[in-house]
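Trainee: Chains A and B, in that order, give the protein sequences. Using this note's numbering, you'd call the opening residue of the first sequence number 1 and step up by one each time. Using this note's numbering, you'd call the opening residue of the second sequence number 1 and step up by one each time.
There's no promise every hint is true.
Unchecked claim - Chain B stretches covered by chain A per the calculated footprint, using a threshold of three residues with CB under 8 Å from any CB of chain A:
{"#": "1", "region": "31-40"}
{"#": "2", "region": "183-197"}
Stated by the list, open to error - A few chain A residues that don't get close to chain B, going by computed Cβ distances all over 12 Å:
{"#": "3", "residue": "A8"}
{"#": "4", "residue": "T31"}
{"#": "5", "residue": "T39"}
{"#": "6", "residue": "G41"}
{"#": "7", "residue": "F62"}
{"#": "8", "residue": "K66"}
{"#": "9", "residue": "P67"}
{"#": "10", "residue": "A94"}
Simulated from the structure, these hints should not be mistaken for laboratory data. Here a beta-carbon is modelled for each residue, glycine too, at the ideal position from N, C-alpha and C.
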Amino acid sequence: MLEHFNKAFESKARLGIMSVLMVNDALSFNTLKELLNLTDGNLATHLRALEEQGYLSVQKQFVGRKPNTTYAATNEGRQAFTNHLNALEAFIRAGSLQSQP
Amino acid sequence: MDSSNQPLETLTEIRDLMQRSSKFLSLSGLSGVSAGIVALVGALVAYLRLKTDALSYENASQLSELTRREMMKFVLLDGTIVLIVAITLGIFFTRRKAQKAGQAVWNDTSKRLVVSLMIPLVTGGIFCLAMFYRGILWVSFPATLIFYGLALLNASKYTVRDLEYLGLLEVVLGLISLFLTGYNLLVWAFGFGVLHIIYGTVMYFKYDRK
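Just chain A, with the same shape it has in the complex (with noise of 0.2 Å):
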């Protein structure tokens, strides 16, 4: 059943960072930034790692002269998103079966 568990999706923030992705079109760093209670450096490692993957799309842009990146779950992310949480699912209820008596 383990072998479900993506490794992607391993830590608190990037679970939090998927999260939010799943139920907003799309967010900016600095909106995520808020949410998370992140650091700078430590959302932008979550980020590319998850970019890296294939499961968040990267819009650069800017407003006014400032930059403004914004980042939304592929359709792939979303996928691999859902999978995890049915696996984790899955393992709770196995967990909650076996400790009954």
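Once you've looked at the hints, dock chain B against the given chain A.
Mentor: Chain B alone, transformed into the frame defined by chain A:
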């Protein structure tokens, strides 16, 4: 601290994160109550000034040109004041609630909320102005209810789901009002006044008081 609880806490946190990131939850129940009171006062002023519910379809033809223009000016002014005071108080209570919860008032979700609210609302406003311009005064009363209801329905995606019910009620009331032309002001006062106060009170006890 039991370490086996940690995954569960993480899940709760993530669920909260998903809610907070997609919905603006600082909308205060007191905003609804204050908007309702302001609307009732506005309707009462209109009733006292016009002395009658003379905005109905049947009576419209009996008015002379001068009193009709005066009446339009008065209704427009009254409506505008009600709108501005209600919005100002609404923003005040919502800001207060957000500050108490330590959350930002002006963020991505509240922007989306305002945009989704404004599109039907501005459409309705222009529609009503056009009706005024054409001299069909009475239509504005049901129309404001209908467009406001649609605006709430549209905006409910970005805040508590309960707003949907208020929106639907306003639309239904507006549609009824299109046929009950003799009671325009009364139905309007009920929709914007009484319904707001009831909704605001329910929301206040459901979400705000903790």
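Trainee: Tell me the hint numbers this structure goes against, listed in increasing order.
Mentor: 1, 2 and 4
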